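J.: Now for the letters of each chain:
Number of protein chains: 2
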Amino acid sequence: MTLSIDGERLYAALASLGQIGAYVDETTGLRGVDRLALTDADGEGRRHVVARMKALGLDVSVDRIGNVFGRRAGTDERLAPVVLGSHIDSVPTAGVFDGCLGVLGGLEIVETLNQARRATRRPIVVAFFTDEEGCRFGTDMLGSAVATGRIALEDAYRLRDADGLVVRDELARIGFLGDIPPSPAGCRDRPHVYLECHIEQGPILRAAGDDIGVVTGVQSISWQELTIAGTYAHAGTTPMSLRADAGVAASRINLHLRDMIASDRYGALRATVGVMTLHPGLVNIVPGRVRLTVDLRNPDDASMHRAEDDLAAFLRVVERDERVTITARQTARTPHVPFDREVQARIAARAAARGLRHAAIMSGAGHDAQELARVARAGMIFVPGEHDGISHNPRELSTRDQCARGVDVLLDVALSFADEGGTP
Amino acid sequence: MTLSIDGERLYAALASLGQIGAYVDETTGLRGVDRLALTDADGEGRRHVVARMKALGLDVSVDRIGNVFGRRAGTDERLAPVVLGSHIDSVPTAGVFDGCLGVLGGLEIVETLNQARRATRRPIVVAFFTDEEGCRFGTDMLGSAVATGRIALEDAYRLRDADGLVVRDELARIGFLGDIPPSPAGCRDRPHVYLECHIEQGPILRAAGDDIGVVTGVQSISWQELTIAGTYAHAGTTPMSLRADAGVAASRINLHLRDMIASDRYGALRATVGVMTLHPGLVNIVPGRVRLTVDLRNPDDASMHRAEDDLAAFLRVVERDERVTITARQTARTPHVPFDREVQARIAARAAARGLRHAAIMSGAGHDAQELARVARAGMIFVPGEHDGISHNPRELSTRDQCARGVDVLLDVALSFADEGGTP
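Sequences listed follow chains E and X, in order.
Using numbering that gives the first Met the number 0, the first residue of the first sequence is number 0, and each one after it goes up by one.
Using numbering that gives the first Met the number 0, the first residue of the second sequence is number 0, and each one after it goes up by one.
None of these hints come from the bench; they were simulated from the model.
Owing to the predicted nature of the structure, the values given are computational and were not obtained by experimental measurement.
Among the hints, erroneous ones may be present.
[Said to hold, decoys possible] To spell it out: a stretch of chain E is covered by chain X in this simulated footprint if at least three of its residues, at any positions, have a beta carbon under 8 Å from a beta carbon of chain X; those stretches are: (1) 132-138; (2) 214-225; (3) 234-243; (4) 273-280; (5) 358-366.
The beta carbon of each residue, even a glycine, is placed where N, CA and C say it ideally should be.
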């Protein structure tokens with residue numbers, strides 16, 4: 000008999016976690032979620048999920064970067080576990096699905112297995128990783144990157160937020176500075192496989208009428224922080240010809256990125272200026288300094304390099320034209336990460352077996368799975384989203400059935416790996 | 000005998016007041032001044048100047064909007080006073096001269112007259128007006144506008160800063176919620192004449208080798224606050240074609256203002272975007288809302304109207320192109336204000352009598368004198384500034400001699416009015 004999860008129960012769990020950090024958006028009146036990493040709200044969300052893990056009989060552990068693991072024993076505890084993970088931290092203007100679907104989907108699978116008294120040969124670990132979003136401390140996939148060795152624990156501890164608070168202190172403050180070494184599975188083993196179910200956060204599956212996205216990989220991500228130094232001056236008396244307006248320079252960079260995309264010379268490049276802080280930020284002072292971020296995404300590594308190089312060359316043009324000085328700092332950089340082909344094949348096969356429409360899709364966003372892919376077989380299942388797949392926004396919405404289908408396939412694929420033997 | 004002021008003493012007084020609210024600029028290492036209106040630093044600056052007024056024997060009064068008046072009695076107290084005024088509040092990135100030269104210049108004149116035991120027929124009042132800069136509560140020339148009836152006291156009291164603090168509470172908090180009715184001279188009389196000595200805050204006098212600017216008037220000023228509503232979205236997954244990026248819309252407005260100026264269709268238009276706040280202001284979220292300010296200046300009223308109209312039309316274009324909604328709120332609007340011709344003639348004559356080079360000049364900045372011009376004869380004396388006349392910047396610098404020449408002419412013109420009889 001094919002087991003299926005309880006979509007209603009899963010959806011209720013998403014709504015329940017979504018009440019933590021909830022706020023009402025001023026403009027739209029919609030309810031959003033703000034559980035920025037390592038804030039009080041994140042702490043409350045973590046305790047909520049840990050309580051659910053314990054209620055399901057999972058053995059909970061927390062590592063030194065605050066990653067949390069709930070382990071359901073296998074019949075052969077010598078074998079490496081199947082890890083089902085994602086994150087529960089959010090951007091400050093989030094919906095209830097991003098990240099949470101993978102974690103609560105994992106717990107829904109455990110509850111389904113428990114109720115069916117279904118044992119698995121390998122342990123199943125449900126994990127959530129610290130600060131996937133990177134909004135607060137400037138580095139995304141922080142917990143999974145530390146767990147898999149890309150970022151050193153001590154370097155992660157020292158990261159500061161805008162108020163000067165550091166990761167280690169904030170972990171301790173919310174009670175999630177754990178004692179086990181950072182690890183991708185909460186134990187000495189590497190995952191047998193890492194599986195993550197996530198909302199697409201884009202319009203593609205919904206537009207094509209597909210139920211399941213078989214994620215082929217994650218596109219390259221490049222984050223830069225630019226500091227533009229011009230000259231502060233009086234807005235009323237300084238002739239235009241004598242100005243060095245850092246805000247004008249910043250505006251040119253923003254529009255140049257759009258021109259680069261329109262040129263079609265950089266493949267499927269996406270570019271976003273999300274931060275543009277004018278200093279001193281007063282109506283009658285020509286801005287003398289601007290901090291600006293550039294977020295570039297590209298499914299093709301060569302196109303990404305070309306975009307980065309050409310942007311750097313344009314910064315030199317802006318420096319000369321606007322008489323400003325621009326310094327650039329790379330704050331994040333990941334190459335295109337392909338996912339395991341066997342995992343992709345099993346996702347496609349199980350989706351087909353359930354009569355679900357599925358399609359291969361490249362991930363536009365970064366995910367913990369790309370970190371795990373360095374140390375284990377890894378793969379992702381995407382579910383479609385309404386409203387053009389809008390995400391990082393209170394309008395983010397995947398229906399109960401869209402979510403349930405994704406987690407059903409996650410269950411199938413997890414069982415296929417959890418029941419197999421082989422090397423630990 | 001021609002009296003002259005003590006330039007060294009004046010310069011020391013400027014330096015002394017400039018130590019209040021002093022800070023060191025991160026980038027340049029230069030020392031600047033931050034005495035934003037009604038902050039603790041402004042309160043300390045006010046007490047410093049009031050103490051000096053009292054030491055000079057002036058009768059000090061404070062009105063209900065916090066304007067401060069120090070009065071030196073005339074031999075005929077029935078006659079309206081000569082008022083020498085300006086302001087001591089600053090932008091957050093100021094030098095020591097802006098505003099302070101007019102106030103401390105007035106006090107230097109009083110000290111010069113006191114030492115010479117020189118009586119005047121009319122009283123002389125040295126005044127400083129509340130929040131000339133307008134940086135904190137969004138309305139410049141606030142104190143002088145209330146004193147001259149353009150802005151109602153109750154409306155001024157309700158103005159809020161970014162933290163929600165209101166003018167009335169902040170006046171009370173720093174101890175400058177006075178008890179006399181707002182007035183341009185600190186008494187029931189209107190000023191016989193209002194005279195203000197100020198740094199030019201621009202490059203014109205210095206470049207031409209002139210010592211004294213005979214200010215013909217103040218150019219028109221228009222401030223708008225725009226709110227741009229787009230759509231928050233995920234930077235990695237949202238296709239460019241589906242975005243409504245409020246930051247891109249803001250950047251287009253900033254660059255369009257520059258294009259308007261380059262077109263030469265708007266006379267001597269100056270335009271500045273000093274505030275551009277992207278919300279939520281995170282690297283990986285397409286900004287869904289931006290607050291932006293536009294500061295327009297123009298010496299010609301018709302050109303200013305044309306610029307405002309054409310900007311408004313462009314906002315409609317941006318709304319359509321970028322799928323955003325833009326709301327505009329006028330936060331300040333003053334027409335071109337011409338100064339009294341008799342005052343201009345006397346400034347030019349006294350400068351010539353001292354062998355100083357003088358030239359007519361239009362003010363690029365707003366000043367309290369433009370408010371006073373509505374209720375009294377008013378005029379201004381500009382002194383040149385080094386470094387292209389840079390202002391609202393720690394590099395702001397007028398030399399001791401540049402300052403002393405301006406205040407010497409202020410003394411001469413003040414005496415010419417203070418010794419004349421006529422209508423009160």
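J.: Can the region 214-225 of chain E be counted as covered by chain X under the rule of three residues or more with Cβ-Cβ separation shorter than 8 Å?
T.: holds (count 4)
J.: Examine the region 234-243 of chain E for residues whose CB is less than 8 Å from any CB of chain X, and state whether their number is three or more.
T.: It holds, with 7 qualifying residues against the three required.
J.: With a C-beta cutoff of 8 Å, work out whether three or more residues of the region 358-366 of chain E approach chain X closely enough for the coverage to hold.
T.: Check passed, 4 qualifying residues.
J.: Per the coverage rule (Cβ-Cβ under 8 Å, at least three residues), is the region 273-280 of chain E covered by chain X?
T.: n = 7 at 8 Å, threshold three: holds.
J.: Examine the region 132-138 of chain E for residues whose CB is less than 8 Å from any CB of chain X, and state whether their number is three or more.
T.: Three-residue rule met by the region 132-138 of chain E, so holds; n is 4.
When each numbered hint is compared with the structure, no violation occurs for any of them.
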